[in-house]
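Chains as they are written, first to last, in this note's numbering: chain A, 150 to 345; chain B, 150 to 345.
To be clear, the hints were calculated from the coordinates, so they are not data collected in a lab.
Incorrect hints may appear among the rest.
Unchecked claim - Here are the simulated SDA-like pairs of lysine to any residue, each with C-alpha atoms no more than 25 Å apart in a straight line:
id : chain 1 : residue 1 : chain 2 : residue 2
1  : A       : Lys179    : B       : Asp233
2  : B       : Lys300    : A       : Asn205
3  : B       : Lys179    : B       : Ala156
4  : B       : Lys300    : A       : Asp321
5  : A       : Lys300    : B       : Lys179
6  : A       : Lys153    : B       : Lys300
7  : B       : Lys179    : A       : Asn205
8  : B       : Lys300    : A       : Asp333
9  : B       : Lys179    : A       : Thr175
10 : B       : Lys179    : A       : Gly177
11 : A       : Lys179    : B       : Arg247
12 : B       : Lys179    : A       : Glu263
13 : B       : Lys179    : A       : Asp333
14 : A       : Lys300    : B       : Asp203
15 : B       : Lys179    : A       : Arg257
16 : A       : Lys179    : B       : Lys300
17 : A       : Lys300    : B       : Asp206
18 : A       : Lys179    : B       : Asp163
There are 2 protein chains.
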Amino acid sequence: MAGKVQARRAALRDALIQHAEQRIETDGLKNLRARDLAKDAGCALGAIYNVFGDLNDLVLAVNARSFHALGAQVAEALADAPQDATEQLIVMSHAYHRFAAENFNTWRALFDIERPAGQAAPDWYLQEMGQLFAYIDAPLSVLFPDHDAEKRALLTKALFSSVHGIVLLGLDEASAGVPAAQLDEMISLILSHLAS
Amino acid sequence: MAGKVQARRAALRDALIQHAEQRIETDGLKNLRARDLAKDAGCALGAIYNVFGDLNDLVLAVNARSFHALGAQVAEALADAPQDATEQLIVMSHAYHRFAAENFNTWRALFDIERPAGQAAPDWYLQEMGQLFAYIDAPLSVLFPDHDAEKRALLTKALFSSVHGIVLLGLDEASAGVPAAQLDEMISLILSHLAS
Numbered sequence: 150m151a152g153k154v155q156a157r158r159a160a161l162r163d164a165l166i167q168h169a170e171q172r173i174e175t176d177g178l179k180n181l182r183a184r185d186l187a188k189d190a191g192c193a194l195g196a197i198y199n200v201f202g203d204l205n206d207l208v209l210a211v212n213a214r215s216f217h218a219l220g221a222q223v224a225e226a227l228a229d230a231p232q233d234a235t236e237q238l239i240v241m242s243h244a245y246h247r248f249a250a251e252n253f254n255t256w257r258a259l260f261d262i263e264r265p266a267g268q269a270a271p272d273w274y275l276q277e278m279g280q281l282f283a284y285i286d287a288p289l290s291v292l293f294p295d296h297d298a299e300k301r302a303l304l305t306k307a308l309f310s311s312v313h314g315i316v317l318l319g320l321d322e323a324s325a326g327v328p329a330a331q332l333d334e335m336i337s338l339i340l341s342h343l344a345s
Numbered sequence: 150m151a152g153k154v155q156a157r158r159a160a161l162r163d164a165l166i167q168h169a170e171q172r173i174e175t176d177g178l179k180n181l182r183a184r185d186l187a188k189d190a191g192c193a194l195g196a197i198y199n200v201f202g203d204l205n206d207l208v209l210a211v212n213a214r215s216f217h218a219l220g221a222q223v224a225e226a227l228a229d230a231p232q233d234a235t236e237q238l239i240v241m242s243h244a245y246h247r248f249a250a251e252n253f254n255t256w257r258a259l260f261d262i263e264r265p266a267g268q269a270a271p272d273w274y275l276q277e278m279g280q281l282f283a284y285i286d287a288p289l290s291v292l293f294p295d296h297d298a299e300k301r302a303l304l305t306k307a308l309f310s311s312v313h314g315i316v317l318l319g320l321d322e323a324s325a326g327v328p329a330a331q332l333d334e335m336i337s338l339i340l341s342h343l344a345s
């Protein structure tokens with residue numbers, strides 16, 4: 150009996166993650182409602198909170214999948230990239246732009262999720278981020294052989310944040326942003342200056 | 150009589166902007182409620198919509214003030230900056246960081262305001278942004294004398310977005326960001342590479 154209950158619980162967990170992902174991608178994180186998800190999954194509202202502590206925990210699970218998908222897309226782009234370190238940074242950044250454009254709302258949810266003030270991000274989040282950052286670190290160690298690991302880690306975060314900012318304001322239709330058609334060109338320009 | 154009505158309306162407008170600014174800075178844009186503002190201003194809920202078309206229009210008016218304050222802070226920093234173009238970019242970016250840190254929620258509201266899809270930002274927003282961008286354009290024309298105005302405008306937006314991204318992820322306590330203590334250092338590093 151316990152096995153059956155656990156299996157049902159696991160199935161509901163998967164279903165809720167999939168429904169939440171779809172709703173986030175379609176309507177955005179801020180329009181996510183537990184009531185809608187209960188309807189989607191054909192379960193009682195309370196059943197959601199048996200599986201996830203709160204809606205935020207469910208969004209974290211969706212974000213874990215998004216981080217995986219993002220990492221896979223970056224890795225795939227990197228596999229076809231030239232050996233040149235600057236080119237590798239550019240190829241990864243363009244892949245980041247593509248992922249953000251094609252999965253806009255789930256990408257935004259990675260950063261828009263509520264974090265209780267002062268609370269560190271969960272370990273899986275740090276691990277997924279760490280994987281992305283390892284991709285950036287490799288070409289940086291070629292470009293800046295004199296930087297120690299700590300300085301490279303800072304530069305990695307600064308570079309990631311720069312590209313994130315260009316993509317964010319560009320895709321957001323904010324007038325402060327680079328027009329979408331020139332996003333990749335400007336990312337390439339900034340990154341090629343870095344290595345010069 | 151008409152003059153009295155207009156004066157009262159203008160006074161209510163100013164009061165609502167000030168109350169909204171305080172509430173945004175204290176509680177964040179997403180917790181702004183018309184009901185609370187009516188209480189703050191001692192007016193009926195409907196009176197707000199006599200002055201502003203909707204709550205978004207009121208937030209736009211708050212953002213106009215924030216843009217002014219931001220521009221003034223950047224201009225002040227620039228007045229004390231050395232003649233060196235790269236140093237000027239760095240000084241302005243540090244001023245941007247300072248403004249964002251000291252006015253976190255009103256700064257976030259500049260970018261988090263709802264924009265109906267496909268609708269361009271209002272003219273005053275573009276003008277305020279244009280003023281900020283003019284500050285950036287000046288040193289860029291020294292650093293890159295061969296770029297035409299169009300290319301400089303693109304580079305200006307890309308640079309602004311880069312610095313914005315570093316500040317945003319850094320202040321947001323997102324683990325992807327540069328730690329707050331190293332924000333200025335990393336901004337300086339990225340910008341000094343640009344000019345090299």
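Hints, one by one, checked against the model:
Of the supplied pair hints, the one linking A/Lys179 and B/Asp233 is violated, its CA atoms being roughly 45 Å apart against a limit of 25 Å. For the proposed pair B/Lys300 and A/Asn205, the alpha carbon gap of about 43 Å is over 25 Å, so the pair is violated. A hinted pair counts as satisfied when its Cα atoms are at most 25 Å apart, and B/Lys179 with B/Ala156 does not qualify at roughly 30 Å. Between B/Lys300 and A/Asp321 the alpha-carbon distance is near 21 Å, which keeps this suggested pair within the 25 Å criterion.
Taken as a hint, the A/Lys300 and B/Lys179 pair is broken in the structure, with Cα atoms around 36 Å apart against an allowance of 25 Å. Between the alpha carbons of A/Lys153 and B/Lys300 the distance comes to roughly 63 Å, so the proposed pair goes past 25 Å and is violated. A hinted pair counts as satisfied when its Cα atoms are at most 25 Å apart, and B/Lys179 with A/Asn205 qualifies at roughly 17 Å. Our distance criterion of 25 Å between C-alpha atoms is met by B/Lys300 and A/Asp333, whose separation comes to about 14 Å.
Annotation: proposed proximity of B/Lys179 to A/Thr175 holds, straight-line Cα distance about 20 Å (limit 25 Å). This hinted pair checks out: B/Lys179 and A/Gly177 have alpha carbons roughly 15 Å apart, not beyond 25 Å. Distance check on the hinted pair: A/Lys179 and B/Arg247 sit about 29 Å apart at the alpha-carbon level, beyond 25 Å; violated. Simply put, B/Lys179 and A/Glu263 have alpha-carbon atoms about 12 Å apart, close enough for the 25 Å limit, and the pair holds.
Between B/Lys179 and A/Asp333, the direct Cα distance comes to roughly 32 Å. Violation of the 25 Å bound is thereby established for this hinted pair. For the hint linking A/Lys300 to B/Asp203, the alpha-carbon distance of about 48 Å lies beyond 25 Å, and the restraint is violated. Note on B/Lys179 and A/Arg257: the hinted pairing holds, with a Cα-Cα distance of about 16 Å set against a maximum of 25 Å. With a C-alpha separation of about 36 Å, the suggested pairing of A/Lys179 with B/Lys300 is violated against the 25 Å cut-off.
For the given pair, A/Lys300 sits about 44 Å from B/Asp206 by alpha-carbon distance, which is inconsistent with the 25 Å threshold. For the hint linking A/Lys179 to B/Asp163, the alpha-carbon distance of about 30 Å lies beyond 25 Å, and the restraint is violated.
Hints 1, 2, 3, 5, 6, 11, 13, 14, 16, 17, 18 from the earlier list are contradicted by this structure; the remaining hints agree with it.
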